[in-house]
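Go ahead and model the full structure; you've got the sequences and the hints to work with.
Taken in order, these protein sequences are the chains called A and B.
Heads up: the first sequence begins at 1 in the working numbering, then just goes up one per residue.
Heads up: the second sequence begins at 1 in the working numbering, then just goes up one per residue.
Treat the hints as calculated values from the structure; they're not laboratory data.
Careful, some of the hints might be misleading.
What the hints assert, rightly or not - Selected chain B positions facing chain A (Cβ under 10 Å, derived; list incomplete):
hint : residue
1    : 73
2    : 92
3    : 109
4    : 134
5    : 138
6    : 141
7    : 166
8    : 171
9    : 415
10   : 423
11   : 425
What the hints assert, rightly or not - Computed spacing ranges between beta-carbons, pair by pair:
hint : chain 1 : residue 1 : chain 2 : residue 2 : range
12   : A       : 152       : B       : 249       : 44 to 54 Å
13   : B       : 241       : A       : 152       : 28 to 38 Å
14   : B       : 278       : A       : 274       : 53 to 63 Å
Glycine included, each C-beta is placed from N, C-alpha and C at the ideal position.
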Amino acid sequence: MGIDLAFVWAFLIAFAVLAYVVMDGFDLGIGILFPFFREKRDRDTMMNTVAPVWDGNETWLVLGGGGLMAVFPLAYATVLTALYVPLIAMLLGLIFRGVAFEYRWRTKRWLPVWDWGFAIGSLVAAFSQGIALGALIEGIRVANRSYAGGWWDWLTPFSVATGVSLVIGYALLGATWLVMKTTDDLAARARKIARPATYLTLLAMGVFSLWTPLIGTHYLGRWLSFPAVIFSILVPLLVLACVAVIISGLNRRQDSPPFFAALGLFVLGFLGIGISFYPYIVPPSLTIQDAAAPHASLAFLLVGALVLIPIILAYTGYAYWVFRGKVRPEEGYH
Amino acid sequence: MLEHLDALLLARLQFAFTIAFHIVFPAFTIGLASYLFVLNTLWLVTKRQVYQELFDFWKTIFAVAFAMGVVSGIVMSYQFGTNWSHFSDKAGPVIGPLMGYEVLTAFFLEAGFLGVMLFGLKRVGRGLHLFATGMVAVGTLLSATWILAANSWMQTPQGFAINDVGQFVPLDWWAIIFTPSFPYRLVHMVLAAYLTTALVVGACGAWHLLKAHAPRRSATMFTMAMGMVAVVAPLQIFAGDQHGLNTLENQPAKVMAMEGHFDSHPDGAPLILFGLPDQKNKRVDYAISIPGLSSLILKHGWKEPLAGLDTIPDELEPPVAVVFWSFRVMVGLGTAMLLLGLWSAVAWWRGRLTTDRWLLKAAVAMGPAGFVAVLAGWITTEVGRQPYTVYGHLLTADSVSPIAAPAVATSLVAFVIAYFFVFGAGVFYLLRLMACLPAELEETELDKGPVRTAGITPGPAQGTPHGENDGH
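Here's what the structure looks like:
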């Protein structure tokens, strides 16, 4: 019985992380794109497109972390220690970015400081998350229920490449979000940025897919085994389809299809990584079963999660629905 | 000194530093969220404009404080893994689900409805807006409930077994959540949050009354706040006393340290009002004490015997001086709050509540007292638990991550710099927002119904742009 719950939880944690990546992805992307928009009015509008929802978006990161501690405590303990430096950098980035949402409206003199805090904070958070992902794919050494490597092991060419890739991907999400949520000149400029961001994201996904099997041949084995091989063939085709939707949407000046297709790229990329990892939660050291908490912990939280996650999704959806439509420059509560 | 700065001490410093910064924001936002809900309800029921004006005023302050609470809280949720990985591995199966429930029931609720509360009035109408405000308030209280359940379990653990890899395995979740200290801790903390907020709101109202700013609005907030202090301060002292008795039962070493009792007192223990605890020589220097009073308070008899720290091994003693002093700071401030509440009640009885300038000045001076008392209380309870993370079962020294001291030192320095910069600016903005007048709304603003046109363009921002006149 315990085994089944561990897999249910692996799925739920993966879902929380995916929800985080796609939702905080576009609002981190807004910060990453800040340097491309220099007008205060544009920046105000950009911020107001995400101000009512960013907090909820970021809560998925807390669920990912807190949930991992609850149901895979050994994975939480070893991964967070191994990725100490990038995670601390991410937290510091998120601090500056998070307070900028409020602070930049409270001052004129320090506005540039919080604008840069927002931009650099978002960039650092995104880059660190990418580095953490890359380091996790490369593998974490565990001995005697604790991390057995050094505290710079995470820094490799591969992890830097995944860091850069994630920044590009988030920028694409941010740009297509702006296309959907803004008007006039701002939307036109976001459209202009979205196009190269799409091609760069495609390139990054290609490089990532070719590089990963070189990191560990077990990944290649995973991809070519049945039934994963079905996805291995389907995923690249679907990626190309998403890219086609983004580009044609941009060409035809459509509002929302590019954003949702960009989300699709992230879901597909995430699926690919999920297939590669299975059945490990910390490759190559800990399987999902190795790291799982005792049955009583898994069961207790699962009851709440199964009831509460649909409710959370419902009111999150409601919040997005309340703030649907284009955001005008004068909007905000400030 | 430097040779003692090992990874364990650095990790403890980092945890103490980051949580000390974090704890003040929830202490404020728990109370403020409830206050906003009360204001919003009064506005809807009485239709008096002053309540909407105060709601708009405190809403902005709440948003800034909440943002600081969120970002400093994210740090906390990752610090268990980065710096305390052995604790996470061992206690995660018990603590993790409690914190998981905090995220699922509280954080999402707050975050999901915060946007509607701050931005959505004209999009959803007043009824749903009130509902959103209520959900934010409920979220803050649920969050306090779960985090105190987790903390109480670490203080008075029960309902678990230990498996062959040293993990705490939950046996009875009811016992884990409702540990002996949980109800006392929860009540004490929620009352502390309400007192803290009332003191801040009261100080803000008093400040504006002294400056003869917006008398109607300032008098309303001052009266509400002092009413709260007058009611909650005595309740808090009673709750604190009950909590102390509970601690004596479950964590006697902590109470011995709070009271400064190095020696056992078989025929009645004195209450040491002040003194300098000397842990090495096991005595309190320059003590001013009242014979028998400690026994009277703790055991309800002048001659009741009271055990001291000499009954436990040296290595299991908590750091006495820190606990002794932080406890006195908390109790001293609590007494000052009680006096402020009594003074307000008398002034109100005489019809001078908003005109007694000495009372107003005292209220301004007491504005930050809640934060200091919360920090002091937190230091008392957390340092008093040492040397354990899970009291009686898991030593702090066995909880820390296998991480190199330079990494912990670097991150500690980075956190200190970032926190002082970010939260220093935040406190500055908060103070300036409070110094701004609560804006008076134009009558037409009130008559406007909600705009429901596909949620587009809810009209100009309300009120004056607070703080936009920075530096002039």
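Results for each hint:
The criterion of a C-beta within 10 Å of any C-beta in chain A is met by residue 73 of chain B, whose closest approach is roughly 8 Å, and the hint holds. Of the supplied interface hints, the one on residue 92 of chain B holds, with its beta-carbon coming within about 3 Å of a beta-carbon of chain A, less than 10 Å. Because the beta carbon of residue 109 of chain B sits about 8 Å from the nearest beta carbon in chain A, less than 10 Å, this interface hint is met. Because the beta carbon of residue 134 of chain B sits about 13 Å from the nearest beta carbon in chain A, more than 10 Å, this interface hint is broken.
The criterion of a C-beta within 10 Å of any C-beta in chain A is not met by residue 138 of chain B, whose closest approach is roughly 13 Å, and the hint is violated. With a least beta-carbon distance of about 17 Å to chain A, the hint placing residue 141 of chain B at the interface is violated under the 10 Å criterion. Evaluation of the residue 166 of chain B hint against chain A yields a held restraint, the C-beta minimum of about 8 Å falling below 10 Å. For the restraint placing residue 171 of chain B at the interface with chain A, the shortest Cβ-Cβ distance is roughly 7 Å, inside the 10 Å limit, so the hint holds.
The beta carbon of residue 415 of chain B is positioned within 10 Å of a beta carbon in chain A (closest approach about 8 Å), and the interface hint is therefore held. Annotation: interface hint on residue 423 of chain B holds; nearest CB of chain A at approximately 8 Å, less than 10 Å. Below 10 Å, beta-carbon pairs count as interface contacts, and residue 425 of chain B has one with chain A at about 6 Å; its hint therefore holds. At about 49 Å, the beta-carbon gap between residue 152 of chain A and residue 249 of chain B stays in the expected band of 44 to 54 Å.
Taken as a hint, the range 28 to 38 Å is violated for the pair residue 241 of chain B and residue 152 of chain A, whose Cβ atoms sit roughly 52 Å apart. With their beta carbons about 59 Å apart, residue 278 of chain B and residue 274 of chain A fall inside the hinted range of 53 to 63 Å.
Consistency note: the structure conflicts with the earlier hints numbered 4, 5, 6, 13.
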